[in-house]
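Q: Residue strings, one per chain:
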Amino acid sequence: MRVYQFSEQAYYPAWNDHEGSLRITLPNRKCDPRVAADLFHRYYDEYQAADDLGLDIMLNEHHQTATCMSSTVAVGLAILARTTKQARLLVLGYPIGHRPDPLRVAEELSAIDVISRGRLDMGFIKGIPYEVAASNQNPVYLMDRFWEAHDFIIKAMTSHDGTFNWEGEYFHYRQVNIWPRVWQEPHPPVWSTTGSPTQARVLGERGYVMATLGTGFGTRKIYDAYRKSYVGKYGKAPGADRFAYLGLVAVANDREEARKRGELIAGYLRTSPIVYPPFRNPPGYMPAEDNARILRGESPPRTYTKAGRVVSMQTAPIDDLIDAGVLFCGTPDDVYEQLTAFCEHCGGMGNLLMMGQAGFLTHEQTIDNFELFAREVYPRLKAYQQPDAEAAAAAVAA
Amino acid sequence: MSLAAESAPDGLVVDGARIDLFERGSGKPLLFLHAENGIEPSRAVIGELAKHAHVIAPTHPGFGGSELPKGMRSVDDLSYFYLDLLDQLDLSDLIVVGVGFGAWIAAEIAVKSTARMARLVMANAVGIKVGDRETRDIADIFAVTEPDYLAMVYCDPAVGRRDYKTLPDAEVLAAARAREATARFAWNPYFHNPRLKSRLHRIRIPTLFLWGTHDRMLSEAYGRAYCAMIPGARFETIERAGHFPHEEQPQVFTEKVFAFAGKSQERVA
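Going line by line, the protein sequences match chains A and B. For reference, each letter of the first sequence is one residue, going 173 to 570 in our numbering. For reference, each letter of the second sequence is one residue, going 21 to 289 in our numbering.
In case anyone wonders, no lab produced these hints; they're calculated from the structure. Mixed in with the good hints there might be a few duds.
[Stated by the list, open to error] Quick list of the computed label-pair ranges, beta carbon to beta carbon:
1. R153/B to R442/A: 34 to 42 Å
2. R206/A to E154/B: 24 to 32 Å
3. E259/B to E470/A: 23 to 31 Å
Glycine included, C-beta positions come from ideal geometry on N, C-alpha and C.
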């Protein structure tokens with residue numbers, strides 16, 4: 173298993189003064205740039221520590237929010253491409269359907285792949301609903317734009333013999349020929365995220381690495397949808413390395429301290445959905461049939477415990493978050509047991525996206541969390557034998 | 021009773037897409053172009069208008085049960101779709117009545133051709149921008165809660181309130197589709213076509229602007245500025261009505277339409 177350390181680089185000092193919305197509308201006068209600078213430096217120091225400890229690194233971006241100061245992920249990638257030495261640098265993700273200019277995205281990512289000497293993992297995502305208000309892209313066409321931008325970026329990274337022409341539905345260029353060319357051939361690995369079996373099937377056909385977040389013990393059915401289409405396309409089972417899961421991780425030498433850390437890291441879950449309601453579900457972001465169900469007051473829950481109990485990520489107590497496979501928390505032994513049990517549920521999960529820092533967790537707690545994980549848990553996870561991939565795929569087919 | 025419950029709409033295939041279309045009454049042809057909230061809330065006014073004219077009321081592509089022709093993305097596309105519909109039905113001497121988003125479609129049709137049209141009525145119309153780039157002429161309906169939206173667009177918000185738990189499935193889906201289709205056509209640029217303003221002078225048939233005075237999505241000043249760009253267009257207000265005056269005052273709305281357009285000889289019982 174590989175483990176990618178991830179932090180949203182929150183501006184948590186504003187969390188208790190949010191006027192009902194931490195995103196989109198929260199006035200930026202509540203952001204002190206001096207405090208923000210200190211936080212940024214701290215977060216990049218922590219990423220550096222993750223690199224030193226042999227962990228990989230994940231970055232993301234969100235917009236107009238105190239939950240995540242990384243608003244242009246290319247900035248963070250650029251810093252870490254130069255300063256880190258070994259870590260894979262995963263962007264998960266780049267909301268390319270929102271971007272006006274995929275040529276710029278291809279150029280940024282190619283440069284980062286080269287500067288890092290081939291350490292980039294390239295996650296492309298739709299983006300959460302709130303991003304629509306910030307980008308003002310039409311939510312109805314977001315996925316169409318996403319796939320055209322994706323196709324363009326891959327074409328730009330894999331074309332090496334002079335210029336090519338692109339006159340699509342959304343993007344128009346006549347002389348495309350990016351410099352520098354990418355380091356990894358034919359292009360950096362592509363990742364994406366989803367919460368739906370429908371999109372999982374699309375990703376399975378492409379063989380991309382698929383990540384889910386907050387799906388807990390409902391993850392298996394999404395992975396299985398991927399497995400089914402992957403087998404249909406490639407004639408073999410996808411390995412555990414095709415699957416990724418974002419989990420909150422709090423390790424300590426005793427359970428009490430681990431739970432304290434878990435509660436602080438869960439601050440991410442508590443604050444992430446604090447958004448003025450009209451921005452939560454822009455029209456066209458979801459299919460009309462799903463919105464009709466929502467109008468009727470029928471929204472399917474997202475997170476379940478192993479026993480099938482529904483859990484609210486925003487309000488659930490720590491024990492429920494652990495039971496749901498959202499938070500992995502306890503002593504190193506506890507966390508190893510929880511993670512491997514989760515892998516068994518998934519039928520194999522080869523990439524843990526570890527939220528090992530969030531919110532009010534201090535720098536000292538964060539570093540201790542990383543060190544304990546890297547020393548006591550990670551070596552055992554590396555040695556852990558994932559469930560048999562062919563057996564997992566065969567179970568779907570049966 | 022809902023329109024759908026009274027009778028199923030007739031279907032019509034235009035440019036390869038099947039759309040729902042209600043036809044009621046007889047006499048002069050009148051094309052009714054519904055607003056952004058779909059055709060269902062227009063049931064009362066369609067009944068009123070049909071007492072004096074042959075009302076043809078399509079559900080716009082992408083709304084209700086109407087299909088979306090491949091590649092259709094803009095109100096400009098919609099206007100060509102309706103020009104094809106007018107040709108297909110071979111309509112002439114037509115009264116065109118549009119409300120809100122439907123009035124924008126009507127304007128986009130009329131700047132291209134009024135050959136089949138005798139009169140144009142635009143109620144609480146969107147479609148242009150009159151203020152500077154930092155002035156929001158048209159309130160952001162996607163950035164407010166449902167209760168705030170209803171208070172914005174109705175004089176009496178109760179008129180627009182729906183109990184989605186008890187409505188038939190088709191109507192709930194139609195409400196969801198209306199919201200999606202509105203975004204499809206009006207998200208960005210927001211409820212306007214930057215090119216339309218400079219074309220409005222081409223509308224040279226008698227035109228009436230109707231304006232529900234309690235509209236807080238649009239200002240009356242916006243409506244008057246819009247009206248002034250169409251040669252000779254008249255502007256009349258409707259009291260105790262907001263952005264959808266045909267819903268809140270269907271009879272007054274109908275009287276004003278026919279006071280302007282003239283009633284047909286034939287009447288329907």
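Q: Would you mind marking each hint as holding or not holding in the structure?
A: Hints, one by one, checked against the model:
1. R153/B to R442/A: 34 to 42 Å: At 38 Å between Cβs, range holds.
2. R206/A to E154/B: 24 to 32 Å: About 30 Å separates the Cβ atoms of R206/A and E154/B, which means 24 to 32 Å holds.
3. E259/B to E470/A: 23 to 31 Å: violated, 40 Å
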